[in-house]
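Chains A and B, in that order, give the protein sequences.
Going by the numbering used here, the residue at position 24 of the first sequence is 24; the numbering climbs one at a time, nothing skipped.
To convert, count from 1 in the second sequence and add 1000; that's the numbering used here.
There could be a bad hint or two in this list.
[What the hints assert, rightly or not] Heads up, simulated BS3-like pairs for lysine-lysine below, C-alpha to C-alpha not over 30 Å straight-line:
no.: 1; chain 1: B; residue 1: K1115; chain 2: A; residue 2: K47
no.: 2; chain 1: B; residue 1: K1115; chain 2: A; residue 2: K53
no.: 3; chain 1: B; residue 1: K1136; chain 2: B; residue 2: K1336
no.: 4; chain 1: B; residue 1: K1409; chain 2: A; residue 2: K67
no.: 5; chain 1: B; residue 1: K1259; chain 2: B; residue 2: K1308
no.: 6; chain 1: B; residue 1: K1115; chain 2: B; residue 2: K1126
no.: 7; chain 1: B; residue 1: K1336; chain 2: B; residue 2: K1409
no.: 8; chain 1: B; residue 1: K1282; chain 2: B; residue 2: K1225
no.: 9; chain 1: B; residue 1: K1136; chain 2: B; residue 2: K1126
no.: 10; chain 1: B; residue 1: K1187; chain 2: B; residue 2: K1136
no.: 11; chain 1: B; residue 1: K1229; chain 2: B; residue 2: K1187
no.: 12; chain 1: B; residue 1: K1053; chain 2: A; residue 2: K47
Derived from the structure by calculation, the hints contain no laboratory data.
The model shown is predicted, which means the values in this text are computed figures rather than measured ones.
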Amino acid sequence: MRHFFRTAVGAAVCTLGLSLAAQAQTAPPAGRLLASNCFQCHGTNGKGPGFDKLTGESSSEIYKDLKEFASGKEGSGIMAKHAMGYTDAQLQSLSNWLSTQR
Amino acid sequence: MDRRFFLSAGGILLAAASPLAWADDKKKTGSGSGSSTSSSTSTSTAPTGSAIKSRVIVIGGGMAGATVAKYLRLWGDGIAVTLIDRNSSYVSNIMSSMVLTGQRTLTSLTYSYSKLQSAYGVTVVKGEVSNVDPSKGQVQLADGTILTADRIVMAPGIEFDDVPGLGSSDRMPHAWQAGPQTTLLQKQLSAMTAGGTVILTIPQKPYRCPPGPYERACLIGDWLKTYKKGSQLIVLDANSDYVAERDNFVAGFKLHNIKYVPNSAVQSVDPGTSSTGLMSIKTTDGVTHQANVVNMIPRQKAGGLVVKTGLANATEGRFAGVNQLTYASTVSGAGKVHIIGDSSATDQPKAGHIANQEAKVCADAIVRSLAGLQPDPAPVTNSACYSTITMSQASWLMAMYQYDPAAAKMALAAVPGVAASTGWNADNFEDMNTWFSALMADSFA
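Build the full structure now, drawing on both the sequences and the hints.
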């Protein structure tokens, strides 16, 4: 039992290490491609020019704003309609990525 | 040495002897050129020598081509990107209907490739592509230069069908590719005597910018009321109904007294001989219409290079079938050629805003592919635009697309699907200008 546990942990660490190394070199960051849908109106990487800049907010703040748009609380304008088009997981993912942009 | 060997060796020699497209070119402008990117790597400078890990050639510097070149440099690692266009700058089709009403100039709608060069290290080549060899990854220019790359992205936009009877007459401009044709139509409208008849024809879908012809009709209709009193605008639509944003355009056509004729495709035309005489248009419903000014927007197909390369395998041979996760051609053996924007066959509209997003999906897929990774399995794209219903007020239209794995295509998201503003107003007109500036900056700067 103990032996199995150690082996499993070792394998897990090894896999994690590999995937982190691979990610660092190659895999695009999660949420970036989704977030790029925002760039046409809010600027490349959300930094303008355009409508409101999307930088300088935490992931949870951005996500909360988007959920308010998606719920219709902010009316039925063009931004609300866009927010409605994503799954909840997609909104979280793109919010996480946008929060890395300063 | 046998001839075949000699020829292929010559090809290699040519490729090696054409460093202009790959060199860390001397056109690079001075200090501070990379300030608009925050990347810690040298996104702003084209990679050279051993720093080049892979090469991508982009053919066509419109909305899709410019964006994919920029984002390959922004997101890629050591990707040398060469953008080829026959022109040294791009003239925006978006907003170009306002050149007809004198509200915009073509100069104000012209975008250079200098930022792509200076801020992103894209190598820009002005030239005419004569041939693409998908299996070899080679692009041949009209001057004989052969460029070789790991991936080729084609974004040549659209070409127009010939109109029977029109010949080489310039009396019925399409003005659907902003440039000299736009100026021509603007002059003809301006020279028309008040009380005249203007006809705008809408081709069978799919065509570039679904709401565009209706938007232009509204704009011209409003302009005629002010500047050419008593004139009549007739819209001949090859389609059975308004192709986009029906509610707003029905109301807009009513507001401007525009006569709308559906199921009315152009069969043949007679542009006449004098520069002021009436022109006639015979339509498939058996009617012959006469007009003083005709905006003839013909049926469309993919840019000629896509057809010539044998990649127009969809939509009755008009557009290019693509894998909608990567925009790679679905033609056997052509998987390293990607087709984005108006030339590709998808359910997404042919329009600049979504072409920009297709370009990002394509750039991301190429970056992953060059790193030996699979494409993002669930891309999202969005389309957004504003339509001038009057010369000072606008509506908006949008659509969202999610990848549908069962159908293997980008499909309208169940919510919101397609959505439009209820009516139009001056605020939207102002937002339109903000949107346009942002979109062009994301594509060209």
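Of the hints stated earlier, which fail here?
-> 5, 10
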